[in-house]
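Peer 1: Chain by chain, the residues run as shown.
Number of protein chains: 2
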Amino acid sequence: MKYPTRFLELIEDFKKLPGIGKKTAERLALHVITTMDDETVLKFSNDLTAIKKEITNCPVCGVLQEAACPICSDTTRDQETLMVLSEVKDVFVLERTNIYHGNYHILGGSIDFSRGVMPEDLNMDGLFKRLEGVSEVILSLNGTVEGELTSNYIKEMLKDKPIKVTRIAYGIPVGSDLSYADDQTIFRALENRRKYE
Amino acid sequence: MKYPTRFLELIEDFKKLPGIGKKTAERLALHVITTMDDETVLKFSNDLTAIKKEITNCPVCGVLQEAACPICSDTTRDQETLMVLSEVKDVFVLERTNIYHGNYHILGGSIDFSRGVMPEDLNMDGLFKRLEGVSEVILSLNGTVEGELTSNYIKEMLKDKPIKVTRIAYGIPVGSDLSYADDQTIFRALENRRKYE
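Heads up: the sequence lines are chains A and B, in that order. Mapped onto full-length UniProt numbering, the consecutive letters of the first sequence carry residue numbers 1 to 197. Mapped onto full-length UniProt numbering, the consecutive letters of the second sequence carry residue numbers 1 to 197.
Hints in this document: simulated from the structure, not taken from any laboratory. One or more of the hints may lead you astray.
The list treats identical chains as one, so a pair stands whether inside a single copy or across any two.
Below are the DSS-like pairs computed for lysine-lysine, each with C-alpha atoms no more than 27 Å apart in a straight line [said to hold, decoys possible]: (1) 53 x 164; (2) 53 x 23; (3) 2 x 52; (4) 2 x 89.
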C-alpha cells in the first residue's frame, strides 16, 4: 500500500523534533489524523506559525520575549547580579527553582575549538557592554570541557574589573548538561557558588 | 518570570499528543522556538492544516485515503479475501509485513458493553453489504475481551452464509493491542489462522 503523501510528510516533520524516532513519529501523525478533531489540529498549526513571529530573543540578555523581555523589564530583579548562561533553555531551569532573582545573559553556546566556535561567535561583546552597575557575575555554564573553557575565558576578560566573578558550584554532575539537573541540584549548586579564580 | 503566552499554548498543543507529558512538551516547544528554522516550522504547520483536509477515510473499507483508496483501487489485490480490523492504524501494521494481499474492512472500534459501544456504533452494516464474491473473512481483532466479543458477533452474523470465517491466530499476546505486535508475531499469527467456529 502506498501511504498518503501528506501523511509521510507529517511523519518527517515530527521526526525533526528531538527524541522522536520513526515509530513515534508515525504514531503521532496517525493520532493527528484519526483522533484529534479539526479544531485542535488547526490551533496546533496556528500556534506553530505564530510562535516564530511573536517570540524573539531579547537583544540585551537573549531571553525569549513576546512584547518586552520578562527579565529585563522586571525592575524588581536584582540589577547588580548578572548570571551568564550558555542556552535560552537554561533560563527555564533556573526560573523554575525560583531562587535566583538577578538578571541573565545568554551566550548562545560555549567556546568549542574543535567545532570552530570562537568567543566572537558568542554574545560576549553584549556581556562586556552591560557590566555597569553589576557587582557580581555568576557563571552558570555546563559542566563540560567547553563550559569550563568558556568560564575561564570570561574570568580572564573580567580580571581587571572591580566585579566579583563566581561560578555555580559543582552540584551539577560533571560532563552533563545544566538542563538535565533537578531543582535540588540547581539549588545546592547556586548556594555553594564560589569566587572563580 | 512569566512565560510567553504562545509558548505555553504550544506546550499545551504538544501535550495533546499520545505519550507526551509536560516536560517533553516543554522541550519540544523550546526546540521549535530556538532550534528549528522558520521554513521547517512553517512546513510543519502547513502539513498539520492540510492533512485533515486531504486525508479522509475510504467510505467502503475505512482505510486512510488521499484521492482514491490505496486498497480498494488496487485491483491486483485478492478480492475474495476480506480482513476485518478494529482500527485504521492496524492497516499500517499489516501492510508493513507485506504478507497479506486481500482487502480490509475497518470497524472503527470493538463492541464494548461497559462503555456502551454496540454493534450498530461500528461499521458492521458496511461489512455485511460488501460480502458478494468474498470467500473468506479473516477476523484480525485485538486479543482483548472486546476483540473476542466482536469476533464472536461477526461469526454469528455470518454463520448461515457460504463464507469461511477465520481468525488470526493467537500469536498476538493475549490482552494486548494488535498495533504493538512485531512483524514476526503478525506473520505467525496470520499463517496459523484457523476456521473460527
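Peer 1: Determine for every hint whether it applies to the structure shown.
Peer 2: Comparing the hints with the structure gives:
no.	hint	in the structure
1	53 x 164	neither (38 Å within a copy, 60 Å between copies)
2	53 x 23	between (31 Å within a copy, 24 Å between copies)
3	2 x 52	between (34 Å within a copy, 18 Å between copies)
4	2 x 89	between (40 Å within a copy, 14 Å between copies)
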